[in-house]
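Asks: Join the two chains, each given in its own frame, into one complex according to the hints.
Here is how the chains run, residue by residue.
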Amino acid sequence: MRASRYEIFMYASIAAVPALIFLIFLSTYAGASAVASALSYLLIIAMAVFFVTGAKEVFVHARYQEGARPILQGERRVYPHMGRPIRGAEVVSLNVRRFNSETNKFDEASYKVNATKHTTVLGALLDIKSYSDNTLSVRCNCRMGICGSCGVVVNGKQKLACETNLLESSENGSVTVSPMLGHPMLKDLADNFDDFFKRHISVSPTLERKDVKEKYAAKQEYKMSKEDTDKFLPYSYCIMCGLCLDACPVVNSNPNFVGPQALSQAYRYHADKRDQGGKRRLFDADTADGAWGCEFAGACSSACPKGVDPAAAIQLLKSDIMKNMLEEE
Amino acid sequence: MDVLDYDVLILGSGIAGLTAAIHAYRSSGGKVRIAIVSKLHAMRSHSVAAEGGVSGVLYPQLDKDSEELHAYDTVKGSDYLADQDAVDVLVKGAPKEIKFFDHIGVPWNRREQGRIMQRPFGGMTVPRTAFAADKTGFFMMRALYDEVLGCKDIDIFHEHFATSLILQKDGTSGFVAMDLANREIKAFRSKSTIIATGGASRVFGFTTNSYSNTGDGTAMAYRAGIPVKDMEFVQFHPTALVPSGILITEAARGEGGYLRNSDGRRFMEDYAKSKMELAPRDIVSRAIITEINNGKGLVDDESGMKYVYLDLRHLEPGKIDERLPMIKEMTIKMLNIDPSKEQIPIRPAAHFTMGGIHTDIHGRVMKSPTQPHDGLWAAGECACVSVHGANRLGSNSLSQCSVWGRMTGTAAAKKSMKLGHDRGRFTIEAEREAAALESLLDRKGDVNPYELKEEMHEVMDTHLYVYRNMKGMAYAREKLRSIYNRYGRVYVSDKGNTYNTNLRDVLELRNLIDLASIITECAIRRKESRGAHVVLEHPKRDDKRYLKHTIAQRSLRGMKVSYIPVKLGQFEPQERKY
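Each protein sequence line maps, in turn, to chains A and B. In case it helps, the working numbering puts the first sequence at residues 1 to 329. In case it helps, the working numbering puts the second sequence at residues 330 to 907.
Only chain B is shown next, with the shape it has when bound in the complex (with noise of 0.2 angstroms):
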């Protein structure tokens, strides 16, 4: 069994892990040994689906902005459930690494005199989106990549599957990955270990997320006993294709694009009038599936999916080639439709899980609620470092991974690099993983994961969706309860050595119906309704109980959920309206 030390440690491969490697690689010098560990080929993840753009001040002057202005934006977008320091921070942060990418090659759009162009997005006051097209994320991760290629002492391991997180006394940190390719296990081990993973949008059917995106890394770290943040709140991206929710892009009314109901009303002047499209997303999927509960949205004939339109007809010829050349391609190859002649169906899907594993304001993960652990961090969408809080605004997600991405590398790097010789655990740990995959494969079950996975989907999708219930969060969770038994009697047919993807997504599965049941229970708790998580039965913002963050950590008794004070600042929480 492989042990494979290294300085640096990062588990997954999207902007923040690659900007993690990067800065951990530049600011030590080239001296430490650093690897990445990647499900997929490091170039593929989720990352690369981001369309609209990253957020950040760089123009002050010149566009009337301030990062006190994108504090609050994204303070009120929040429903105030941000922690304001940290926002601070990512304001602060953001503008140099838009400059950072346009230096390692993202073509950003210009304006005149080379500057970097900036589009509107919803819940910001002034436009402050750079974009590339409407491919940022994947301009961001090829430069990324081509600028690790770059480093030349950083290893890359692409399409080794982690599967489970060590943690040790000594500060030691590291997991077992499995290597798709010939299902070889391997133990990495080092003083500083970063956790990217990403977000868990697919324990939900109809979601705009790639199919990597289960939440391995947070439902690793919580089976480890590290406690996971504000899990409830997922947030539903207002325009999602139907029937298959491929995103379309925020962009496209940033650009000018109009929502309308069956009757062509342009309905958002109902829900938002001062912002309109606008509107930060959890309003506008709230107003989306008001309309269509409310009998004025139209079905697919095929999937019978109800959905409403998503007007680009009226903007000026030559925009959409310009700026949303990616959703033309998009509706064009995947439903036949011209988007400048017709208009596109869209419902909401889910899209970013704002909640993750817990870290402070300088993205360490914490070991308890308050106490964080040594030489561990998390970074990106896995990372809750409470910035988005209840409900997260376009373009911001981009930003954050970089901020964060940078801010963890350069510590990682700084740490420490000094192992002791104890290998002891890791290697038991490798065998015991070893093992455990092997008994996996053996076992004689009865269940088919696929079908279970569906289930799952089934159950998030009906109770757990835009508009959430009392009655129906507690089926869920029972629900999830028999689902998570039944777990127990999957079978593997794919007994194979070289790429079993079967295999892989028996284990996706065990992360996802972890994360589910997390989300259900953390839902259940928070009674009121803020940002995201809208409970029919408290329909009003409750700020004296719930103006607090749920910290949910595994304990020998199961899931204990507890609280945590939001950090407030200059802003003090209002009614939010827009």
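If we strip away everything but chain A, and leave its shape as in the complex, we get (with noise of 0.2 angstroms):
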């Protein structure tokens, strides 16, 4: 690493001090005594404002130069009116499998992270995008797991970047995030959800009705009870996170299969008293590639954020498929 500056300047001033040493003995015992001490109080002042210079540049700022010290996450975010710095943070490594566009290949890259009991891997990429490699990438937008942003892999397991613990999910100092690896890639740790958007309009996810005017007039209320609201509530908490569709395997061997995600949406609004898609619905999914493409194992659901549980959703689709085949018999 290439001294900065201001390192220059604090080891010049602490090797100023046999110099001092020398023109005091010169200013005490030599005859010269009042011009060496003059110049000593000139070196005591200058060496005390190039240490006190020196020093604050290298503990405060040479954090920022690249690589040349572990970024303190969270200190940063610190005013001054707000109180004092954050003390004791933990270094953990965090490994980012980062996707080159230009070579459609993985790059490993390491850094190292100061992290504090809040500090989340969301928090921790920021960081790093902005003190350490700027050309990093994830996409993230709220920051209270709402949005769905920010959907990767952390340590093998599909997680939301923004409510992931760091330190927690630390396992002997070091943390992997990698991108959703069943989405097509674009840069980094983001995804390209075209295809993904794509399923999820497939269903038709639009609350239909076939009193048109009333539904944009809106003079009346629909009459719902708690019961009719709860019997789709669960499915309807979906932030389109692309986390259930990475998980399952079956969408990884079959592409066709519309997926956790899209299926769970068709359910949530086939459940819905107000919807008047009727029989339509039931028939969309009744195919090898809607619901019957499930083989419920279960990874989608144990993957949401949200806790929608998709792979009930479907189940739930396939009796009421059932249900209405026997009923038309």
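By construction, these hints were calculated from the structure, which means they are not laboratory data. Incorrect hints may appear among the rest.
Claimed, not checked - Ranges of calculated distance between the beta carbons of each label pair, as one might list FRET restraints:
1. K223/A <-> K670/B: 36 to 46 angstroms
2. K743/B <-> D194/A: 28 to 38 angstroms
3. Y892/B <-> S174/A: 57 to 67 angstroms
4. Q220/A <-> K824/B: 31 to 41 angstroms
5. S768/B <-> D194/A: 25 to 35 angstroms
6. E90/A <-> K670/B: 21 to 31 angstroms
7. K421/B <-> K279/A: 51 to 61 angstroms
By construction, the Cβ of each residue, glycine as well, lies at the ideal position given by its N, Cα and C atoms.
Replies: Set out below in structure tokens:
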């Protein structure tokens, strides 16, 4: 590492100590006392100034120079009027599998991050982006687990980066983050969602009404009980993060399978009393690559960060399809 | 260079933008071609983070409520800076919007006989905030997005970052946007453009807002010469989680939560005896900071932030699970705190920009303080219709977004759809923008944009927080000037074409710095304390000199600040007490 200007300042002032001792010696024992003592005072002041500026720059600012020191996550968020800075952070090495869009390959990168007990994986990634590697890309927005942007794979498990604690997921002081491999890749940790959105659209996820005029004029609310709402509420928490699709073993072998996210949304609208799509939704889902494509591995439900349980939705969809068939016969 | 022609262009995909798209489509019978351009995936806009609910008088007889009362609460909450004709439009339109959201699939919490349940909220005399647990904004966004998918001809451009607004003399308007996926520059052209880009609270470091809330639309409009209004009024939400700034909804207090200082005392009785914790947000925020300044706060070990407690332990079991599940989920995931057993550490954080693009009561963007621009609308948080005045009441924002979303969407679709053949300026503009981006990438700078942003955050958080003082604001102005100058030396490390978030962040920073300067300048000139804007040297409201809106407009000699009168109505300004 090249020594910075400020470090030279600091070390120079330390190196000046023997000269100072020599001057003091001159002023006390040798003849030229007035000149030497004036010089030694000047030297003391200069040394102090050099030392303070140098030390401040070295200890406060040097860590922002690339690779100079690990980044202190969190400390930079503290502003003077809010109190004192953070102490006692723990060093975690964050291994990021970055997708390189030019070579279509993964680059492994490792960063040292100082983590406190509140540091999230997303927070750490954004600190890396801010202070050690501006080129790192991760998709994020709300940082409170509701927008669905930051689905990644942390230590092999599908997670939202913003609500995953870094220290809790650290194994022997290291955490590995990779993009979701079940989606087409875009850059670094960001996936391309075009295909995912198409799957969602394919189940016509719109509340269908026959009274179109009332739907937009909205004069009267549709009466619903709590029980009516509870039938579809668990499936309406979907934030479209794509983690379930990434986890689904069926989609990974048969890309034509519509996938857990879209099917859970088909069931969400089917179970909504207000929806008048009727049997069309069942008919649409009644295909080999629709509801029947699901092999009930349940990986989607354990991956879902919002507890949607798409696997259960698909089974309910299947049973409604069967019931409908029996009724028709 | 692509120039894409549309009948209606919508910039931004939050509740206002998507509502506008739906109503533009429906009111024209699906005949107009509509494009939604969003810098995010359209369903991920910051509106998803709205928690508490949406206000509106649903059952006047049953609840002994009236539109007049809603209007009074809003005007009093605004510290009499709201335009009362606009407030009328809001309270009359809001109930319909709540029912519209019922019709497109929002799972409202219900009361007996299938009616929509409403909860108490800060500054509202009666419970009139309809809600779907504490994920109201999220459910509204999902329902709107799914509804937009049902409108077959609406084109959604996900992850297109707009960089400049183009306004032409013949009434054509549009913008240039960069496709984040491959850094392609596209120009969008239309006769009716709606700006719905949301707020700008990311000029502050400690904020409840998403990373995307950088006020791009407002800054772009300002740079194109459009006046912006009342920018000094920034709402600080009293209860943001320490240390992350994540929002803890006002509904937590609406459902009965207490605020306690380090002595365990409910200190709100000193500040707003009749309303207690449910006083308007500006008052509660000031109360919290006053307590902290008086040494009644606690200190977070790690971040050093000072805070007070939000106490939900006394709520009956089950209420948190039913009405506030997201709060529970978040405090457990982020802080490992169970709200039914422990108190939650909170302090005020920047939450909402009351100001924004100057529009008239119909949502039309004004080109001068008094004259509307043809074919350009603004809706949602980026617009300042002046319904919120100096302080917004909780849950009025979602009503505003949907009321003006519907209004601007319908109006935009109605306007003549014929476009001239002359695409000249748009091609030139797009090429100029592409060249500017290239030169930005090639530039050899020495300033890290993220450090510069943090410096701005520090300035804003220190000097334009809940309490402001003249000396601090003057310092902030100087500092922002230096930050503005150093922005010219910012470097972009990422030279790639694919998903270049580094470049996007640098472009966002330009908008943030512009807006921070406007906020500071307008704040310095308003020498009074009104609503969310409190200056220590001028602690009283001054209706004689400052019962008027601040207008900031870009001119050749820099920023020009002027004032226009407030539209009063049936409610005369009185002393504001709760």
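Asks: Check the following: the C-beta atoms of Y892/B and S174/A are separated by a distance inside 57 to 67 angstroms.
Replies: holds (59 angstroms)
Asks: Just tell me: holds or violated, for the beta carbon distance of Q220/A and K824/B against 31 to 41 angstroms?
Replies: violated (57 angstroms)
Asks: Assuming the hint says 21 to 31 angstroms, is it satisfied by the Cβ distance from E90/A to K670/B or not?
Replies: holds (27 angstroms)
Asks: Using the beta carbons of K421/B and K279/A, state whether their distance is inside 51 to 61 angstroms or not.
Replies: violated (40 angstroms)
Asks: Starting from the range 36 to 46 angstroms, see whether the pair K223/A and K670/B falls in it by beta-carbon distance.
Replies: Given range 36 to 46 angstroms: holds, Cβ gap about 37 angstroms.
Asks: So the hint says 28 to 38 angstroms: do the beta-carbon atoms of K743/B and D194/A match that?
Replies: holds (33 angstroms)
Asks: Within 25 to 35 angstroms or not, the Cβ separation of S768/B and D194/A?
Replies: holds (31 angstroms)
When the structure is compared with the earlier hints, violations turn up for hints 4, 7 and for no others.
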